[in-house]
Amino acid sequence: MKPSKLMSMREAISGFVHDGSSVVTCANLETSIPFAAGHEIIRQGRKNLTLICPISDILFDQLIGAGCVKTVRAAWVGNVITGIGYNFRRAVEKNQVEVEDHSNFTISLALKAGAQGVTFLPSRTALGSDLFGTNKGLKTVVCPFTGLLHSAVAAIMPDVAVVHVQKSDSYGNAHAWGNMGVAREAIMSSRNVILTAEEIVSTETICKDPNRVIAPGFKVSAVVHAPWGAHPSPVPGYYNRDHKKFLDYQESSRTQEAFSIWLEKWVLSVKNLEGYIAFLGKSCQSELSIKKHSYSEPVDYGY
Amino acid sequence: MKPSKLMSMREAISGFVHDGSSVVTCANLETSIPFAAGHEIIRQGRKNLTLICPISDILFDQLIGAGCVKTVRAAWVGNVITGIGYNFRRAVEKNQVEVEDHSNFTISLALKAGAQGVTFLPSRTALGSDLFGTNKGLKTVVCPFTGLLHSAVAAIMPDVAVVHVQKSDSYGNAHAWGNMGVAREAIMSSRNVILTAEEIVSTETICKDPNRVIAPGFKVSAVVHAPWGAHPSPVPGYYNRDHKKFLDYQESSRTQEAFSIWLEKWVLSVKNLEGYIAFLGKSCQSELSIKKHSYSEPVDYGY
Amino acid sequence: MDIKRSYTRSELMVTAAAREITEDEVVFVGMRLPLLGFLLAKSLHAPGATGIYELGIIRESLAPAPILTMGDLPNLYMSHWLADTFDTMSILQAGLVDLSFIGGAQVDRYGNLNTTLTGKPLKTRLPGSGGACDLASLARRHIIIMAHEKRRFVSKVDYITSPGYGNGKGWREKVGLVRGGPSAVITTLGIFRFDQESCEMILSSVHPGVTLNDIHKETGWSIRVSNKLSETPEPTPKELDILRQLDYQGYWTGK
Amino acid sequence: MDIKRSYTRSELMVTAAAREITEDEVVFVGMRLPLLGFLLAKSLHAPGATGIYELGIIRESLAPAPILTMGDLPNLYMSHWLADTFDTMSILQAGLVDLSFIGGAQVDRYGNLNTTLTGKPLKTRLPGSGGACDLASLARRHIIIMAHEKRRFVSKVDYITSPGYGNGKGWREKVGLVRGGPSAVITTLGIFRFDQESCEMILSSVHPGVTLNDIHKETGWSIRVSNKLSETPEPTPKELDILRQLDYQGYWTGK
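Protein chains in written order, with this note's numbering: chain A, 1 to 303; chain B, 1001 to 1303; chain C, 2001 to 2255; chain D, 3001 to 3255.
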């Protein structure tokens, strides 16, 4: 029997996210954002992280505001529903954080290249844009068959991916559904992988539907049971988006002072995910729960 | 309401596979091989086709033996369980068929490039091999970031993909499960797409599990109801592999004369898929049917 | 100046955006106003349009409940394909997307768009490209939606996040872009299109109650005016009715 | 010469192949003998090995019923990942595959393998690479399994389908290959390994009943012999028992 990779959030973060680590997360874009893992990174006081993803719906802004971040390699950092990420803007304008400017496609290509084991991938995007001036991982390359100019995107291979999934067994065999964003690329391009999961299930449950598996279990380093671990973002099959938290965050981050209050209230004083869930309260959970269920039909993998 | 794309196999083949067409098929490799569609191509007497796929388990050999083929762009042509494809060998050695030699990875990359809308993709495979001498779609390219040599694979964009799936609605929204081979790339790289399906189902059935969908319906040109349409290859959820037919095919193709008899018996005289199924017989179908069912567990897509 | 009218400026803009969508088109849908514009078109004149969302969603039907962001679970429910971001970007790169909408902080006379950095030197940090650069590079055409203010409508953007027509005709081909370019700019004051010859932005219609002078005052260069200048048609009661169901809290279009 | 023995030559080869697999390795599994070798190792000393199949299958458990091809439905049932061929190739290219097995029609002293075209000029057409070229290019190590005949064991292959060590040390790096190379050749007569200095094939063990002369007679160049030459260990009764359950019709190893 292979050894279990199941561990506490504290163990997973302290074991695989170090000062200076490069971390790809928020890989599903607006859904299944690993807020619980991100908040544990803040509580453990990580410094000088490089954060990587296409768009990050307020989690990057929080990590930046908490002083964990040195570099951002991303296409968009802000609050999807309101726009500006104030901590991000403040930190960049004070030269506390460096930005490598991507588009959603170029960051996907960079992670894809890392996942595929090539040092670059060609594309037709971003040509003529100024991204080439603020991203050293963008150059051009000429197709050896057609002579056509392509953009070339350098591979990114993060130290660690933090991905939130619906179901995982103790070995990192996991089911994910819904929009997948760049979650597969994040897992396959990274040296270590932390999965946070709404449910821990048996290997049998996973293997009953192997097309639903997100990536091979042998790529995974740590599995953390994290129910509500993506709140306030939505998780298909588990809970809806908590719009109010994102809307409120606009004011809670507009000034450094407001953000300090928010950080103390929602991250530092709750200690861990259990504390967060308790603080969130039952009525909020009930409000966000899935009301209209819609189940997939079974398919047969027999012989 | 969008117009239905459901049509007979005869209409689909005559509408989208023409003399001289380039056709990607057998895209799932050893499973879900569209034999029924291939046999209809033979019955309609298509000539000068270019056939494209990684490995083709006897279907390419049959199309070549029937005189439909001018060019093969593939990694392997034969009979998986016995080895040699005799029609393929005869035709190539008589210079009746040209071969562009791929590996499984280079042909996957070629279709992937076509699917992605780039004219080439880089890889680390095949360097130092003689594939570069018998495939004009292979060159080298230097990574503009690292200076490392990569193989470069030219995009392939076939005229038509013929892919067998488990379930499709009338508009080409289809569910496929099992090993996927290069089926997604085949669909996305091709100008037209013919889906042959074990079952025609409602759009609602498909949309209940959108992660199970193989490709966007708008890429599909024709949908054909083809139960047993992949026999003697296996189809997950529907029937097992008919090993005996593949084993017998070794002798049925060893000489041109033997192959003529096989062709008359299994393709020309059966007229269509209904005739083929009748000729196959109920006891064979019963023997190949799924005995030990294993159903996936439902997942919730509600809100 | 909309006080006397029965609709807001945002409602007019969303309606104008929706009217740009033709039946059966494949539309790459962005967040906020573009999302509403797509949903409005789907509800009315373009029920057969397909929506592609960068998160990895393709759907042909309307979401069964109001959504504020594209990742809201009703937008996943009964969708036609849930896939990778890379799949949606490949579809875009392969030329299968007819139309997309993007917003921005700064636009110039050739439709180049900036959502990254402004100022000279570049000092004000904005959220960045997201998918906008890709949509501007790879869609068959794209439409820009934004507030019309002098600081935003500049002769030359400080930073090209999403390429328009660069410095004029032939630029896109020269830099290696394979297709596309902006087909319209919908602002708080009017609708602009692009001259086929010069690729320069031309005022095509002014919104009701807006004067040519208003537009000149808020535009940082001497804007050309179409000789077929018209007034932007107002939203119909039916359009307003649907739109207010979609944005039932008035979150996007209430003001 | 196996007439007196309780096992066939194929059974010996499959057993030898199985013994090359170490617990917890990731193995890219090919068809026929390699498939059996992997299944045998999984059943005995390497239950934690992971199998990757080019069709797009990853499984850590044994198939619950005998399989003749990797696409047989029992090999999909309760597997750990069903995916694209491209996914398996990416895993291979990323350096995550420890070991693979390939077969061939022609091999040379540097372990280059030909499964495409033979003859001078090239005239006999063989099925082609399949995934073999990729495995030989990208796995951390690969093992060649083939019949030992003089026409197959040649000084220089007519066509390199799957690169070995080319023309000797440093060749793989020079052509751009990032890792790997053959670690062993298992034939009907013996087992060969590669000299670290010259990258040339060296006879490491001879199968029971095979003489050095038999091997020289069937090898098209002057093969070097290890100074630690041994006899290939016979299959154990337990290995034979499991193997005969796996290949219960004796289809692959019956003769």
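These are calculated hints, taken from the structure and not from any lab test. Take the hints with a grain of salt, since some may be wrong.
[What the hints assert, rightly or not] Simulated restraints on C-beta separations:
| id | chain 1 | residue 1 | chain 2 | residue 2 | range |
| --- | --- | --- | --- | --- | --- |
| 1 | D | P3064 | B | E1297 | 12 to 22 Å |
| 2 | B | T1140 | D | G3250 | 37 to 47 Å |
| 3 | C | Q2245 | A | K291 | 16 to 26 Å |
| 4 | C | E2149 | A | D248 | 19 to 29 Å |
| 5 | D | T3022 | B | G1083 | 57 to 67 Å |
| 6 | A | Q44 | C | E2149 | 36 to 46 Å |
| 7 | B | T1140 | A | K291 | 32 to 42 Å |
| 8 | A | T71 | C | G2254 | 37 to 47 Å |
[To be verified] Stretches of chain C that chain A covers, calculated by requiring three or more beta carbons in the stretch to come under 8 Å of a beta carbon on chain A:
| id | stretch |
| --- | --- |
| 9 | 2049-2062 |
| 10 | 2071-2082 |
| 11 | 2120-2131 |
| 12 | 2155-2167 |
| 13 | 2233-2240 |
Backbone N, C-alpha and C fix where the C-beta goes; we use that ideal spot for every residue, glycine too.
Checked hints:
As the Cβ distance of P3064 (chain D) to E1297 (chain B) is approximately 19 Å, the hint placing it in 12 to 22 Å holds. At about 46 Å, the CB distance of T1140 (chain B) to G3250 (chain D) agrees with the hint of 37 to 47 Å. Between Q2245 (chain C) and K291 (chain A), the C-beta spacing of about 19 Å keeps the proposed range 16 to 26 Å intact. Separation of E2149 (chain C) from D248 (chain A) is about 28 Å and conforms to the stated range, judged on CB atoms against 19 to 29 Å.
Taking the beta carbon of each, T3022 (chain D) and G1083 (chain B) are about 29 Å apart, not inside 57 to 67 Å as hinted. Distance hint check for Q44 (chain A) and E2149 (chain C): the Cβ-Cβ separation is about 44 Å, which falls inside the suggested range of 36 to 46 Å. Between T1140 (chain B) and K291 (chain A) the beta carbon distance is about 57 Å. The supplied range of 32 to 42 Å is therefore violated. Range check, T71 (chain A) to G2254 (chain C): about 38 Å between beta-carbon atoms, so the 37 to 47 Å window is met.
Chain A is given as covering the stretch 2049-2062 of chain C, and this holds because 5 residues of the stretch bring a CB closer than 8 Å to a CB of that chain, at least three being needed. Residues of the stretch 2071-2082 of chain C lying with their CB closer than 8 Å to a CB of chain A number 7, which satisfies the three-residue condition for coverage. For a cut-off of 8 Å, the count of residues in the stretch 2120-2131 of chain C with a CB near a CB of chain A stands at 9, and the three-residue condition holds. Under a criterion of three residues with beta carbons nearer than 8 Å to beta carbons of chain A, the stated coverage of the stretch 2155-2167 of chain C is upheld, 6 such residues being counted.
With 0 residues having a beta carbon nearer than 8 Å to a beta carbon of chain A, the stretch 2233-2240 of chain C misses the requirement of three or more and the stated coverage is violated.
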